[in-house]
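Please work from the sequences and hints to get the whole structure.
Number of protein chains: 2
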Amino acid sequence: MTEPAENNNQENTPTPLEQVTYLLQKYKLVEGFVQDTSDESLTESPVQKQNLTELHDFLNQLHPADIAHILEALPLEDRLLIWSMVKAEHDGEVLLEASDAVRATLITDMGSHELVAATEYLNTDEIADLAPDLPQEVIDDVFRSLPIAEREQLRSAMSYPEDSVGALMDFNAITIREDVRLEVVLRYLRRLDEMPDHTDQLFVVDRDEQLKGVLLINRLLVSDPDTLVAEVMAKEMIKLHPNDVAQQAANAFERYDLVSASVVDENDKLLGRVTVDTVIDFIRDKAESEALNLAGLSKDEDLFAPVLKSVKNRWVWLAINLVTAFIASRVIGFFEDSIEKLVALAALMPIIAGIGGNSGNQTITMIVRALALDQISTRSTWKLIFKEIGVSAVNGLIWGTIVGLLTFAIYQSPQLGLVMGIAMVLNLLLAALLGVLIPLTLRNFGHDPAIGSSVMITAVTDSGGFFIFLSLATIFLL
Amino acid sequence: MTEPAENNNQENTPTPLEQVTYLLQKYKLVEGFVQDTSDESLTESPVQKQNLTELHDFLNQLHPADIAHILEALPLEDRLLIWSMVKAEHDGEVLLEASDAVRATLITDMGSHELVAATEYLNTDEIADLAPDLPQEVIDDVFRSLPIAEREQLRSAMSYPEDSVGALMDFNAITIREDVRLEVVLRYLRRLDEMPDHTDQLFVVDRDEQLKGVLLINRLLVSDPDTLVAEVMAKEMIKLHPNDVAQQAANAFERYDLVSASVVDENDKLLGRVTVDTVIDFIRDKAESEALNLAGLSKDEDLFAPVLKSVKNRWVWLAINLVTAFIASRVIGFFEDSIEKLVALAALMPIIAGIGGNSGNQTITMIVRALALDQISTRSTWKLIFKEIGVSAVNGLIWGTIVGLLTFAIYQSPQLGLVMGIAMVLNLLLAALLGVLIPLTLRNFGHDPAIGSSVMITAVTDSGGFFIFLSLATIFLL
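Here the protein sequences come in this chain order: A and B.
Note that the first sequence covers residues 1 to 478 in the numbering used here.
Note that the second sequence covers residues 1 to 478 in the numbering used here.
These aren't lab readings, by the way, just hints derived from the structure by calculation.
Where hints are given, some of them may not hold.
[Unchecked claim] Selected chain A positions facing chain B (Cβ under 8 Å, derived; list incomplete):
| # | residue |
| --- | --- |
| 1 | 85 |
| 2 | 89 |
| 3 | 222 |
[To be verified] Lysine-lysine pairs mimicking BS3-like chemistry, simulated, CA-CA at most 27 Å apart:
| # | chain 1 | residue 1 | chain 2 | residue 2 |
| --- | --- | --- | --- | --- |
| 4 | B | 383 | A | 26 |
| 5 | B | 286 | B | 312 |
| 6 | A | 383 | B | 299 |
| 7 | A | 286 | B | 286 |
| 8 | A | 383 | B | 309 |
| 9 | A | 383 | B | 312 |
| 10 | A | 312 | A | 341 |
| 11 | B | 312 | B | 299 |
| 12 | A | 28 | A | 49 |
| 13 | A | 286 | A | 239 |
| 14 | A | 87 | A | 26 |
| 15 | A | 309 | A | 299 |
| 16 | A | 212 | A | 269 |
| 17 | A | 383 | B | 26 |
| 18 | B | 383 | A | 312 |
| 19 | A | 235 | A | 286 |
| 20 | B | 28 | A | 383 |
| 21 | A | 28 | B | 26 |
| 22 | B | 286 | B | 212 |
| 23 | A | 286 | A | 312 |
| 24 | B | 312 | B | 269 |
| 25 | B | 28 | A | 341 |
| 26 | B | 26 | B | 87 |
| 27 | A | 286 | B | 299 |
| 28 | B | 26 | B | 49 |
| 29 | A | 299 | A | 312 |
| 30 | B | 87 | A | 235 |
| 31 | B | 28 | B | 87 |
| 32 | B | 309 | B | 299 |
| 33 | A | 239 | A | 212 |
| 34 | B | 269 | B | 239 |
| 35 | A | 299 | B | 383 |
| 36 | B | 286 | A | 299 |
| 37 | B | 312 | B | 341 |
| 38 | B | 235 | B | 212 |
| 39 | B | 383 | A | 309 |
| 40 | A | 49 | A | 87 |
Quick reminder that beta carbons are idealized off the backbone N, C-alpha and C, glycines included.
Shown next as structure tokens:
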């Protein structure tokens with residue numbers, strides 16, 4: 001195995017990324033000259049060749065995860081240059097470690113032959129992870145190159161939907177029988193060249209591959225070798241099912257501090273296992289894609305993606321926002337007569353809308369989080385609504401008073417201040433009520449409350465805020 | 001160990017939370033009557049006693065993590081009732097598993113004596129995790145009750161700042177010497193009652209506790225027992241330092257798929273280890289607190305917190321927002337004459353501001369994420385600015401044209417449509433430029449770019465959008 005980059009943050013130790021960038025610069029500049037890039041390949045000087053070797057050597061002693069990280073941080077041209085220097089035996093693992101967007105740029109740069117070669121160093125479950133990004137002809141070639149048993153594994157691994165437990169599963173479970181002594185198990189293990197990573201337990205199965213229990217490696221090591229497996233194995237264990245949603249596996253790993261867990265079919269037949277490293281990747285990807293969605297990016301974006309690709313990744317949210325902004329605009333348009341009479345309204349109305357939106361988003365975030373953690377029962381819904389309305393009432397009184405007084409100070413009109421204050425209270429109450437109801441309703445209709453809630457609450461507090469404020473003003477001031 | 005709740009999502013299996021809620025209801029209602037709650041403790045009928053026993057038994061066979069989850073999902077009154085039923089030996093672990101806000105409500109409900117008792121079932125590193133929430137007298141009592149060696153461990157564990165590697169560290173590393181045969185190691189392990197959880201490697205140290213290498217359990221199991229430790233141990237390993245930021249440990253675990261890693265001081269003396277379960281908790285907490293911060297909640301909030309506590313948790317962001325909203329309002333106020341002459345401006349200006357804010361937040365999210373992953377070098381800053389400006393230019397042309405045409409359709413004024421379109425382009429360009437510069441600047445001044453960026457970009461695109469649109473309108477339309 002290649003060695004991982006040491007993880008200490010002494011200011012003066014350059015990171016692998018810095019070192020590669022430095023070596024790359026050195027390769028591109030030859031002793032002070034910037035070479036004409038079009039000639040580069042023709043006139044390689046000995047110095048340049050040496051620089052190239054240095055870069056090559058440095059790169060290939062890095063861990064594949066570090067190489068992937070470096071590739072992600074480089075602009076496209078440099079990225080492909082570096083990628084061409086990575087040894088074929090690391091290609092597959094680097095592709096696995098790279099983000100979806102960057103992986104796509106790397107695959108586009110490779111020929112079918114190279115891609116098939118890259119998969120030769122991977123397990124079937126890893127090939128299945130790459131498969132959605134590979135051209136069909138490559139997948140066909142890979143299939144043909146595999147032994148029958150692995151073909152079957154690959155077919156099964158590829159059949160599970162993304163975000164299911166099956167997609168996280170690997171086939172590296174070591175199985176043993178319950179009627180042997182630990183001594184035998186130890187001898188069996190000693191005959192292996194190495195054990196799969198993250199083997200913290202052996203799976204005890206019968207002749208039909210039915211899961212009977214698990215033998216923790218820790219128990220194996222502290223128990224008398226003469227004991228039978230059946231005597232020390234645990235019979236209570238986490239069993240995942242391949243069609244469960246992956247989040248359930250993540251929850252189980254988080255709660256019960258697992259390193260690996262079995263995956264079984266409906267008859268308790270052992271299909272494979274899930275390990276904690278895959279779960280960590282899943283948790284990180286999930287958190288990341290939620291953060292991206294919240295900001296209106298459809299998916300993971302390559303930092304150096306071409307402009308049009310980025311535009312495509314971002315337009316949906318902008319379009320939705322344009323629609324809600326136009327609706328709010330029409331609400332204001334409806335009150336143009338009032339604004340014409342009292343132009344201060346135009347300056348004040350965004351305050352009501354803005355703070356309503358913030359307060360609503362605070363509520364939404366609380367509720368969405370509680371829903372994700374499965375903490376809201378029908379019984380507690382009313383309690384939550386009352387609580388959020390209480391919070392908004394208090395906030396409304398505090399901020400309504402402040403805003404009212406400031407308005408009075410600026411415009412010298414007590415009535416205008418009063419309308420501001422009341423509108424603030426009402427819009428915050430609206431934000432609280434819908435901040436609870438929107439995510440709960442989305443969830444009841446089977447939608448993910450994390451995705452649409454924030455847009456919807458902002459739309460409501462904008463249009464609602466303008467409407468409340470302008471209609472109060474029309475009634476009481478004009 | 002108590003057994004974990006089975007993690008399958010068959011619709012008809014009630015979750016532990018549902019079962020507790022059901023048993024709690026049954027306990028509170030006795031055969032159809034709702035008892036007057038004030039009399040509850042006085043008139044416990046035999047049926048009620050039986051219900052209570054049932055609830056008690058169900059609860060105490062659950063995993064502490066499941067109990068914590070149930071407590072979090074219950075309103076305060078029910079929560080404390082259930083908490084009083086949890087056996088003392090589980091108290092400590094449940095407190096560890098609960099969120100900070102909920103933990104505080106549980107601790108408030110316990111006497112000093114109970115709290116000291118709860119810590120008796122915990123390791124020193126776990127006590128250190130609870131310490132910030134415990135009253136000083138309890139900590140003093142706990143100290144006195146510990147053997148000298150553990151007192152020293154607790155003192156050292158408590159000395160590391162939150163979010164440092166030291167705060168994630170435990171003291172359960174098994175150490176061995178390099179000059180013994182594996183046979184001896186195996187015999188040594190067999191004399192233990194059990195091995196610490198997440199022991200995937202043994203740490204090889206010399207007489208001065210200096211870390212020489214690690215012996216992977218997997219290597220131990222597959223190697224010939226006659227081999228010397230020195231021959232099979234790995235000399236390249238991840239060494240964390242207690243004062244490193246915890247995120248570094250998380251990055252190392254994610255990248256190199258670790259189960260445990262050593263923590264050493266500046267002389268390579270082994271201090272302890274970090275395990276993957278702690279790292280998962282850290283990753284989850286971090287993701288959660290970022291999501292909360294983004295929504296303007298200062299920290300983790302108990303779903304059923306009292307109203308005033310929630311107000312306190314949320315006011316800072318609302319206050320900041322009020323300030324930026326007032327600034328934007330004054331920008332509009334500056335153009336009141338223009339709005340009086342052409343009241344359509346009032347209805348149209350929020351569109352420019354809103355879409356600018358969205359687009360800016362998209363850029364910010366990309367950049368903040370790239371900064372967190374350490375992907376931005378000084379060299380690539382310009383590339384990023386150009387890219388984001390390119391994206392905004394394209395978006396500006398698309399959305400500017402659409403908005404311009406819609407404006408023309410509604411107000412029948414081609415000039416007004418043109419001003420809308422141009423203002424849109426300019427505000428999107430402003431959003432792109434500052435979307436890159438704000439997080440980079442915050443970072444250069446040593447601030448966390450994730451926290452302030454979103455508020456700042458929205459403030460800029462609001463005030464900036466109003467200013468651009470209204471001044472263009474004043475110049476070209478009036």
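Fill in: Hints not upheld, ascending by number
When the structure is compared with the hints, numbers 1, 2, 10, 19, 21, 22, 24, 25, 37 turn out to be violated.
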